[in-house]
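Visitor: I would like the entire structure built from these sequences, with the hints used as guidance.
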Amino acid sequence: MPRDNGRPPPAAPRGPGIRTDLRLIAEMVEPGSRVLDVGCGDGDLLDHLWHAKEVDGRGIELSMDGVHACVSRGLSVIQGDADTDLADYPDGAFDYVVLSQTLQAVRNPRDVLSDLVRIGRRAIVSVPNFGYWRVRFGLLLRGRMPITYGLPYQWYDTPNIHLCTLRDLGLLCDEMGVVIERSLILSRSGRALALDPGRLANWVGEQAVFLLRRRAAGDGA
Amino acid sequence: MDAPSPRGAAAVADRRPLTGHHVVLAEDRPMPLDNGAEIGPFSVAYQTYGTLNADKSNAVLVCHALTGDQYVAEPHPITGKPGWWSMMVGPGLPIDTERYFVICANTLGGCMGTTGPKEPDPATGRPYGLSFPVITIADMVRAQKLLIDHLGIRQLFCVLGGSMGGMQALQWAATYPEMVYSAIPIATSWRHSAQNIAFHEVGRQAIMSDPDWHGGDYYSRNVQPTRGLAVARMAAHITYLSETALHRKFGRSLQDRKVLSFGFDADFQVESYLRHQGITFVDRFDANSYLYITRAMDYFDLAMEYGGNLADAFRDTPTRFCLISFTSDWLFPTAESRAIVHALNAAAANVSFVEVDSDKGHDAFLLDEPELHRVLRGFLDGVAEHKGLGAGGG
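Going down the list, the sequences are from chains A and B. Using the working numbering, read the first sequence as starting at 1 and increasing by one per residue. Using the working numbering, read the second sequence as starting at 222 and increasing by one per residue.
Among the clues, some could well be false.
Here are the simulated distance ranges between beta carbons [claimed, not checked]: (1) B:G313 <-> A:A87: 41 to 47 Å; (2) B:S307 <-> A:N108: 45 to 51 Å; (3) B:D438 <-> A:D91: 56 to 62 Å; (4) B:H242 <-> A:G190: 55 to 61 Å; (5) A:M64 <-> B:G529: 27 to 33 Å.
Calculated lysine to aspartate or glutamate pairs in the DMTMM-like style (CA-CA distance at most 25 Å, straight line) [unchecked claim]: (6) A:K53 <-> B:E606; (7) B:K608 <-> A:E54; (8) B:K608 <-> A:D42; (9) A:K53 <-> B:D537; (10) B:K608 <-> A:D56; (11) B:K608 <-> A:D95; (12) A:K53 <-> B:D602; (13) B:K608 <-> A:E30.
Hints were generated in silico from the structure; no laboratory data involved. The C-beta atom is built at its ideal place from N, Cα and C for all residues, glycine as well.
Guide: Here it is as structure tokens:
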């Protein structure tokens, strides 16, 4: 695809910055690459990637309000959802496909994950961790579905129908032949903890960001 | 009110020159048509708004719909009504004429100055009538392309339009991808549906069964099949609205009376409204043009042109697309725009898609829909930023 000849103006004066997990995702993206943001919301990440890294970005967003907001600010976004709209895209169409805080809300997380690493040379996925200690204790001690800062919904109105722990996601990636190239374990405040994914991370990480790709022939098991 | 009367018979036949630009194209060699024939030389009537910048990079081509014309943003020379997109095109409006050079040409086969069935055939000096070749959306776009070449514009900043205009925008992007930096197909489809062909057939039959049609050769008899054309317009007009819009506007209210007439006058306001739509239409439109243009829409199937796979129409396209549909449009429902979006995704194209919430039906794209205006302005601003087109159009 021909690159656009226009260059982005200096970073838009848009408040103090974007959500912490989005900033961490943005740091994983190479400048000038092609990015598909699935569940792009109001387009904060895409807008940031364009202005900060000249990224050729596209988005898919379920809510019409989000789509309108994105298109009205000049971003290339379609109304659609991860479950039905990823199948159309050809293999390797993007350098990165981003799925931020959405995997737990789709109908078929396994299919979606498989599409992410098919469409993108890399996928960047962030998920809330259901193994986080506050979640575990919420259920253990109170006997009720956990409500935390990261999972603020009541059981009857939550969009999160496929919650998992970090360990669960790691096992699924293994099983699917998806390699975790990098992982960032985030604290409740959104700070990246100096932790490798493992038992401890699965206790203290409130959420995590993973850089994923399909296992290539030379990767070994 | 009586049945539609032919009060407009003289208006269309009258050959007074229309305001605006005229150019004769395909003079050196005729333009090939999809039906195997060729046409040329032929004239194109067009209007422009704004100023073309030095590197000719700010041109926006607006494609009009079935019964539209080139008078986008100025009073219509026959009806005196405001331009059909005067809310959209103008200084400071979403298609900002202080920034963009806006071009709109009367379509090939039309009746507002571009060569069509009512214009004289250079070979005979008499109006073409039914000897005018059956044309397609691709033929219309070919003619527009000759105009754009004539204006010395190598790449259009944007091609946009609603309904048939949206078909043309899609055809432009498929046929001349390098010439289309961005495209905004609105309330349209990649092919005309069976239902839409059916409605068009009703309209054509109404025209052709009018005794004043004379097999298409009414020009020499100085009559017009105005009753048939008015009925065609009435039927079509219903398809441009929604049940909600009709109900809100008219309900079952009676027209100039308090009780039912127990006859076939226009008892109901909605009847009176439709009759008015029919009667005023014949003042400005040629019945044969209506036949030819509806046919062109019926024949439109962009996927078929590319072996049945719509995505192949957009392989490696450099164009940035923005598809727009309306929730209450049952003539070109959202599902059809969505199918185009899926094909564009499959071609890894750069595409935006917005469904605007409106109860005004297909015609919503012509009406004051703030959300549509906001989306168009935002998309064009974004495209301008990517192209490096400055705020002053330079």
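Visitor: Run the distance test for B:K608 versus A:D95: straight-line Cα separation, threshold 25 Å.
Guide: This hinted pair holds, its Cα atoms lying about 22 Å apart.
Visitor: Regarding the pair A:K53 and B:D602, is the alpha-carbon distance no greater than 25 Å?
Guide: holds (19 Å)
Visitor: Hint check: A:K53 vs B:E606, CA-CA at most 25 Å. Holds or violated?
Guide: Given pair A:K53, B:E606 holds - Cα atoms ~15 Å apart, limit 25 Å.
Visitor: Range hint 27 to 33 Å: satisfied by the CB atoms of A:M64 and B:G529?
Guide: holds (31 Å)
Visitor: For B:K608 and A:D56, compute the direct alpha-carbon distance and say whether it is at most 25 Å.
Guide: Holds, at about 13 Å.
Visitor: Decide if the proposed pair is consistent with the structure: B:K608 and A:E54, CA atoms, cutoff 25 Å inclusive.
Guide: holds (13 Å)
Visitor: Between the alpha carbons of B:K608 and A:E30, is the straight-line distance 25 Å or under?
Guide: holds (22 Å)
Visitor: Within 25 Å, alpha carbon to alpha carbon, are B:K608 and A:D42?
Guide: holds (23 Å)
Visitor: Between the alpha carbons of A:K53 and B:D537, is the straight-line distance 25 Å or under?
Guide: Roughly 23 Å between the alpha carbons, so the hint for A:K53 and B:D537 holds.
Visitor: State, for the Cβ atoms of B:D438 and A:D91, whether the hinted interval 56 to 62 Å holds or is violated.
Guide: holds (58 Å)
Visitor: For the range 45 to 51 Å, tell me whether the beta carbons of B:S307 and A:N108 fit it or not.
Guide: holds (48 Å)
Visitor: Does the Cβ pair B:G313, A:A87 satisfy 41 to 47 Å?
Guide: At 42 Å between Cβs, range holds.
Comparing the model with each earlier hint shows no violations; every hint is respected.
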